[in-house]
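J.: Spelled out, the chains give:
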Amino acid sequence: MELYVFDGSLEGMLTAVFDAYRRKSVSVKLVSAEHYLPDAFTTALHVTSDREKGKRVWQALCKKLGKEWQLNCYKTFLSEQPEAFQQLFSFIRYIIDNPQGAEANFAEPSVLYVSQMSRKVHREKHRMEAFVRFQKTGEGIFYAHIEPDFNVLPILTTHFRDRYADQRWIIYDLKRKYGLYYDLHQVTEITIDFGEEMSSNLNALPKQVLDPQEELYTLLWQDYFKSTGIPARKNMKLHIRHVPRRYWKYLSEKQG
Amino acid sequence: MYERIREKLGILADAAKYDVSCSSSGSNRKNENKGLGDAEGTGICHTYTEDGRCVSLLKILLTNHCIFDCAFCVSRRSNDIKRTAFTVEEVVELTINFYRRNYIEGLFLSSGIFKNADYTMERLVRIVKKLRNEERFNGYIHLKTIPGASEELLKEAGMYADRMSINLEMPTEAGLRLLAPEKSHEEVKKPLGYIQRNIVQLESEKAVIKSVPKFVPAGQSTQIVIGATPETDRDIMYTANRYYQDFSLKRVYYSGYIPISHDNRLPVIGSQPPLVRENRLYQADWLVRFYGFNVQEILSDAHPNLDVDVDPKLSWALRNLDQFPVDVNTGDYHMILRVPGIGVASAIKIIQARKFARLHQDHLKKIGIAFNKARHFIRYADSPMQLRDYEAGHLKGVILSEGQSKYRKQASNQLSLF
Chain A
1 MELYVFDGSL EGMLTAVFDA YRRKSVSVKL VSAEHYLPDA FTTALHVTSD REKGKRVWQA
61 LCKKLGKEWQ LNCYKTFLSE QPEAFQQLFS FIRYIIDNPQ GAEANFAEPS VLYVSQMSRK
121 VHREKHRMEA FVRFQKTGEG IFYAHIEPDF NVLPILTTHF RDRYADQRWI IYDLKRKYGL
181 YYDLHQVTEI TIDFGEEMSS NLNALPKQVL DPQEELYTLL WQDYFKSTGI PARKNMKLHI
241 RHVPRRYWKY LSEKQG
Chain B
1001 MYERIREKLG ILADAAKYDV SCSSSGSNRK NENKGLGDAE GTGICHTYTE DGRCVSLLKI
1061 LLTNHCIFDC AFCVSRRSND IKRTAFTVEE VVELTINFYR RNYIEGLFLS SGIFKNADYT
1121 MERLVRIVKK LRNEERFNGY IHLKTIPGAS EELLKEAGMY ADRMSINLEM PTEAGLRLLA
1181 PEKSHEEVKK PLGYIQRNIV QLESEKAVIK SVPKFVPAGQ STQIVIGATP ETDRDIMYTA
1241 NRYYQDFSLK RVYYSGYIPI SHDNRLPVIG SQPPLVRENR LYQADWLVRF YGFNVQEILS
1301 DAHPNLDVDV DPKLSWALRN LDQFPVDVNT GDYHMILRVP GIGVASAIKI IQARKFARLH
1361 QDHLKKIGIA FNKARHFIRY ADSPMQLRDY EAGHLKGVIL SEGQSKYRKQ ASNQLSLF
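Those protein sequences? They're chains A and B, same order as listed.
Under the numbering used here, the first residue of the first sequence is numbered 1, with each subsequent residue one higher.
Under the numbering used here, the first residue of the second sequence is numbered 1001, with each subsequent residue one higher.
To be clear, the hints were calculated from the coordinates, so they are not data collected in a lab.
These figures come from a predicted structure and were not determined experimentally.
Be aware that one or more of the hints could be misleading.
[Said to hold, decoys possible] DSSO-like mimics (lysine-lysine), calculated; alpha carbons at most 30 Å apart, straight line:
| id | chain 1 | residue 1 | chain 2 | residue 2 |
| --- | --- | --- | --- | --- |
| 1 | A | K67 | B | K1017 |
| 2 | A | K234 | B | K1206 |
| 3 | A | K234 | B | K1008 |
| 4 | B | K1082 | A | K226 |
| 5 | B | K1396 | A | K249 |
| 6 | B | K1030 | A | K67 |
| 7 | B | K1396 | A | K237 |
| 8 | B | K1017 | A | K226 |
| 9 | B | K1214 | A | K67 |
| 10 | A | K254 | B | K1017 |
| 11 | A | K67 | B | K1206 |
| 12 | A | K254 | B | K1082 |
| 13 | B | K1129 | A | K64 |
| 14 | A | K234 | B | K1082 |
| 15 | B | K1008 | A | K249 |
| 16 | A | K120 | B | K1030 |
| 17 | B | K1365 | B | K1396 |
| 18 | A | K226 | B | K1365 |
[Stated by the list, open to error] Per the computed footprint, the stretches of chain B lying under chain A, defined by three or more beta-carbons under 8 Å from a beta-carbon of chain A, are:
| id | stretch |
| --- | --- |
| 19 | 1041-1053 |
| 20 | 1356-1370 |
Backbone N, C-alpha and C fix where the C-beta goes; we use that ideal spot for every residue, glycine too.
Build the full structure now, drawing on both the sequences and the hints.
T.: The following block contains the structure:
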């Protein structure tokens, strides 16, 4: 068993795969620097991220995998789970070592893991597509912040750009301290200095920076939410299964 | 100053909520003009009501004035309620502003009938036209077809809407005549058929000419109210099945009747809506559409109603134990799909994975089948030896005692005696 430590980036992870092949390592334990705890009995190999090496591994992988599975790999990586790195590492080696079509073998643990974890990440992405609530600012920018379980901003770009092509918008990840800004032409990554810590409540933007009509539409949406429910069918258990409590703070209809 | 619009929205959203359709999927309208919105791909539920239904569209009536007097409807002429109507501009403003804030996927617009069918339909068309042409809105629009509206208006509506629907209301003609003497199923079939023919025609033109305009790209749907009249599940599903076939409907919605009237033809106010029955009907509907079942296998003269305590797939399996067990390592895909506890996604995974290795219990659990339920109906590489055959009634008892049905507690409003 050899211990590889990498910097936590996708490039670093792919470089680790490259190094493992070069060093002919059979069994590798991969951890990110963030989760690495040195101990007296194993010497760790520190992987230096290398664009060229990373690219070669990715290209080798793409020869074997279709678009959907390539995206599954990326989604699994975005989960940021410590064991996801190890599983993804095993998955990539398994695919490269086996003939085309090996990703259909759900009896192989890493295949099952990548398939299941990428679905979790995909679900979180889908939830963000649903639960983002923009507030219109006086300058006409539609602003929302989120704290997703996984790092899903990179895979949200296309959805929001295609949908809100004629309005400027910002989606900010408070947990990971970066956001997306669309300026009517393209989406760029931004960081905002909020001064003191931004609270993750929905109504965090001070009233004076909001568009005068913002209050009306929040009210109308809350009203609508109430009138569209049918009291005779009330079923809070089902409601909470679909809208878990941890997301309520974003949802203006749950504040009224 | 907010009060007027708030009151209108309250009344007209409340009156629209009994239409359960919520889908916002199946369209192919892309944002190609750098306008607002994109209705391509799978739908999104932006929130859920406290009764657990998806909220994806702004679902409102244009007005709750109505010339008809259907006993099951809150907006019926004889009901003493506050009446109001939106202006065209108000509906457009609400839709656009809700959409921009990511509250909704689009608009679901229905209406009571004021004056006559054409007058009403013409106003609905004016709204969707304004949304598409002036606001450059590419979000999802579900438009109600008003029975009796002219074919010209229907054709125009279809150019702007993603989905159109018209409700059968009651499962049989007789049931409808009892509660809504002014309506008939024939009136529903005519516009359904007209729009269906137009969809088909445009599809065939598309094969030859590339740029044909869109026409109701997400297809048509309908709704059947259940529990208001005494039809059996067999009547309901056979009707649904016929409409799926005759008009290529995308969905039939089953809406458990919520008592809203003191009319003695209907269940009394305060009686429990038939939620379990509604759920079983949806399950049966899924079996027909996605699991390759014939509706005659699920419901027949000998078996006119769905079981309440077990789902229709399990119920079918218990009636057909001679077809089991199925060996997951060799069995036919269609038969694996029929095993209680195995869904479409798991069935596909099983078929793929078994090419690599013989599947054991462990694999099956990890793939995600409901193993405790399925194990009675399958064989796998390490199945235990089984000496005696189960008998259907006994097996049902075993499965019920192991699982926890979400309905078992709720279904009995009766206090237990001991």
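J.: For K1214/B and K67/A, compute the direct alpha-carbon distance and say whether it is at most 30 Å.
T.: Distance ~29 Å between K1214/B and K67/A Cα, so the pair holds.
J.: Assess, step by step, whether the Cα of K1030/B is no farther than 30 Å from the Cα of K67/A, and give holds or violated.
T.: With a Cα-Cα distance of about 21 Å, the restraint between K1030/B and K67/A holds, given a limit of 30 Å.
J.: Is K120/A within 30 Å of K1030/B, Cα to Cα?
T.: Holds. K120/A to K1030/B sits at ~27 Å (cutoff 30 Å).
J.: Is the hinted pair K1396/B and K237/A satisfied, with a Cα-Cα distance of at most 30 Å?
T.: It holds: about 26 Å lies between the C-alpha atoms, which stays within 30 Å.
J.: Regarding the pair K1396/B and K249/A, is the alpha-carbon distance no greater than 30 Å?
T.: Given pair K1396/B, K249/A is violated - Cα atoms ~43 Å apart, limit 30 Å.
J.: Please verify whether K226/A and K1365/B have alpha carbons no more than 30 Å apart.
T.: Violated, at roughly 41 Å.
J.: Would you mind confirming whether the straight-line C-alpha gap from K1082/B to K226/A stays at or under 30 Å?
T.: Distance of about 18 Å is within 30 Å: holds.
J.: Holds or violated: K254/A with K1017/B, Cα cutoff 30 Å?
T.: holds, 19 Å
J.: Quickly compare the C-alpha distance for K234/A and K1008/B to 30 Å and report which way the hint goes.
T.: holds, 24 Å
J.: Using C-beta distances, would you say chain A covers the stretch 1356-1370 of chain B, given that this needs three or more residues below 8 Å?
T.: holds (count 6)
J.: Below or equal to 30 Å on CA atoms is what counts here, so check K67/A against K1206/B.
T.: holds, 28 Å
J.: Assess, step by step, whether the Cα of K234/A is no farther than 30 Å from the Cα of K1206/B, and give holds or violated.
T.: violated, 46 Å
In the structure shown, a violation is registered for the earlier hints numbered 1, 2, 5, 13, 18, in ascending order.
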